[in-house]
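Okay, here's what each chain looks like letter by letter:
2 protein chains.
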Amino acid sequence: MDKELSRFLTFWNLLDDTEKELLNQNAIVKNYLKGVTMHQGSGDCLGVVLVRKGQLRTYMLSPDGRDITLYRLFPGDVCILSASCVLESITFDVFIDVEEDSEIITISSALFQQLAKQNIYVETFGYKMATNRFSDVMWAMQQILFMSIDKRLAIFLSEEIKNNKSLELKITHEQIAKYMATAREVVTRMLKYFSQEGIVKLSRGKITIIDETKLKKLTLK
Amino acid sequence: MDKELSRFLTFWNLLDDTEKELLNQNAIVKNYLKGVTMHQGSGDCLGVVLVRKGQLRTYMLSPDGRDITLYRLFPGDVCILSASCVLESITFDVFIDVEEDSEIITISSALFQQLAKQNIYVETFGYKMATNRFSDVMWAMQQILFMSIDKRLAIFLSEEIKNNKSLELKITHEQIAKYMATAREVVTRMLKYFSQEGIVKLSRGKITIIDETKLKKLTLK
Numbered sequence: 012m013d014k015e016l017s018r019f020l021t022f023w024n025l026l027d028d029t030e031k032e033l034l035n036q037n038a039i040v041k042n043y044l045k046g047v048t049m050h051q052g053s054g055d056c057l058g059v060v061l062v063r064k065g066q067l068r069t070y071m072l073s074p075d076g077r078d079i080t081l082y083r084l085f086p087g088d089v090c091i092l093s094a095s096c097v098l099e100s101i102t103f104d105v106f107i108d109v110e111e112d113s114e115i116i117t118i119s120s121a122l123f124q125q126l127a128k129q130n131i132y133v134e135t136f137g138y139k140m141a142t143n144r145f146s147d148v149m150w151a152m153q154q155i156l157f158m159s160i161d162k163r164l165a166i167f168l169s170e171e172i173k174n175n176k177s178l179e180l181k182i183t184h185e186q187i188a189k190y191m192a193t194a195r196e197v198v199t200r201m202l203k204y205f206s207q208e209g210i211v212k213l214s215r216g217k218i219t220i221i222d223e224t225k226l227k228k229l230t231l232k
Numbered sequence: 012m013d014k015e016l017s018r019f020l021t022f023w024n025l026l027d028d029t030e031k032e033l034l035n036q037n038a039i040v041k042n043y044l045k046g047v048t049m050h051q052g053s054g055d056c057l058g059v060v061l062v063r064k065g066q067l068r069t070y071m072l073s074p075d076g077r078d079i080t081l082y083r084l085f086p087g088d089v090c091i092l093s094a095s096c097v098l099e100s101i102t103f104d105v106f107i108d109v110e111e112d113s114e115i116i117t118i119s120s121a122l123f124q125q126l127a128k129q130n131i132y133v134e135t136f137g138y139k140m141a142t143n144r145f146s147d148v149m150w151a152m153q154q155i156l157f158m159s160i161d162k163r164l165a166i167f168l169s170e171e172i173k174n175n176k177s178l179e180l181k182i183t184h185e186q187i188a189k190y191m192a193t194a195r196e197v198v199t200r201m202l203k204y205f206s207q208e209g210i211v212k213l214s215r216g217k218i219t220i221i222d223e224t225k226l227k228k229l230t231l232k
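Going down the list, the protein sequences come from chains A and B.
Under this note's numbering, the first residue of the first sequence is numbered 12, with each subsequent residue one higher.
Under this note's numbering, the first residue of the second sequence is numbered 12, with each subsequent residue one higher.
Since the hints were made in silico from the structure, they are not lab data.
All values reported here derive from a predicted model rather than from experimental measurement.
Possibly wrong hints are sitting among the right ones.
The list treats identical chains as one, so a pair stands whether inside a single copy or across any two.
Listed next, the in silico DSS-like pairs over lysine-lysine satisfying Cα-Cα at most 30 Å (straight line) [unchecked claim]:
| hint | residue 1 | residue 2 |
| --- | --- | --- |
| 1 | K31 | K128 |
| 2 | K41 | K232 |
| 3 | K232 | K212 |
| 4 | K128 | K45 |
| 5 | K128 | K217 |
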């Protein structure tokens with residue numbers, strides 16, 4: 012697993028042999044099925060998550076059950092917020108759902124904590140990854156709080172095209188609403204408008220982008 | 012200035028003498044008047060800000076000029092987001108306004124960058140401070156997105172009582188609206204309701220809390 016861990020963990024070359032061995036022996040590879048909640052807030056402290064395959068969604072949850080997507084994780088991504096108990100500066104909790112069947116490497120919180128204590132480069136990595144996510148969250152917040160819904164939907168669809176490398180997106184209005192932290196009705200209304208404008212074609216459980224140029228224009232509005 | 016810097020900068024004892032001297036010689040003390048915008052987004056990279064006296068407000072700004080308060084800074088606080096150009100993981104920009112006449116120690120971005128490059132503990136400090144602010148921002152977002160206005164206003168007033176050590180708050184509805192990232196009308200309406208409930212007494216430019224127990228109850232709702 013050496014090689015793979017060294018790709019995810021930028022501090023790899025600054026570990027001594029014992030530390031490398033410890034990681035090698037104790038990193039756990041596990042498969043998660045789509046729909047599972049992998050990490051749930053404060054009760055949990057799963058550890059550092061490395062995404063080998065699949066897709067995860069990180070979100071925050073209101074007391075009455077509404078959720079707001081903070082960012083999504085794709086192959087190659089590292090999530091440190093699922094080890095928030097290790098980093099004292101993180102005083103909030105997030106939830107993580109599995110969006111597609113996923114293969115995940117986990118480094119337990121206890122192990123990460125031990126390494127962070129004895130090796131400053133591991134601690135720095137933790138806080139740096141957290142700061143990366145801070146940037147993601149600020150971007151999401153700016154979208155939610157400042158941007159018009161049409162622009163946000165256009166940006167969302169453009170990213171989906173990129174992620175799926177296809178103009179045909181298999182996604183429900185409900186799912187889009189979750190990712191965009193808005194109501195399903197709002198998404199449906201806006202998609203109907205996009206369809207009238209000849210930007211998309213809607214069919215059951217599928218959205219096909221038929222005018223990508225027009226969509227791009229909306230993202231730049 | 013040694014002693015003071017060592018209180019703000021938790022990496023102080025991990026610096027060598029040259030590094031300490033460099034900080035001592037180049038930290039700048041400056042007074043800022045209330046109302047000034049001290050740091051404005053991307054154009055700027057002021058440096059690391061240490062608050063000696065006064066109060067600052069950090070916020071994000073929409074393209075059409077609305078602003079959302081992220082957190083406030085009080086004496087003893089460190090702000091790293093004003094040196095975002097130094098930390099590559101920070102890809103967003105914030106604005107900082109001076110809320111009260113303030114005395115500020117600034118460590119220039121160039122100096123902080125030099126130290127962070129040659130001393131890993133300085134770099135870690137930077138990312139750790141950023142992660143602290145991430146927690147603040149998540150708290151603010153949870154309030155803005157999830158909490159009812161009456162609870163938020165009650166929490167805000169309780170904090171003001173604590174900060175000012177007084178039940179008499181000299182603050183306008185406009186200012187409260189800014190801090191809470193809501194509209195002035197909303198604040199005025201809610202304060203009127205608080206006043207009818209016997210929680211506060213309103214007078215020109217002043218809010219007096221007359222039933223702190225009732226106010227506390229609202230914060231726990």
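These are the hints, each one checked on the structure:
1. Proximity of K31 and K128 under a CA criterion of 30 Å is satisfied in both settings, with 15 Å inside one chain copy and 25 Å between copies.
2. Taking the shortest alpha-carbon separations for K41 and K232, neither the intra-copy value of 42 Å nor the inter-copy value of 41 Å comes in at or below 30 Å.
3. Taking CA atoms no more than 30 Å apart as the test, K232 paired with K212 passes inside one copy only; the shortest distance there is 21 Å, against 46 Å between copies.
4. In the homo-oligomer, the alpha carbons of K128 and K45 never lie at most 30 Å apart, since the shortest distance is 34 Å inside one protomer and 42 Å across protomers.
5. Proximity of K128 to K217 under the C-alpha cut-off of 30 Å is found in neither arrangement, the shortest distances being 49 Å within a copy and 49 Å between copies.
In this structure, the earlier hints numbered 2, 4, 5 are contradicted, and the remaining ones agree with it.
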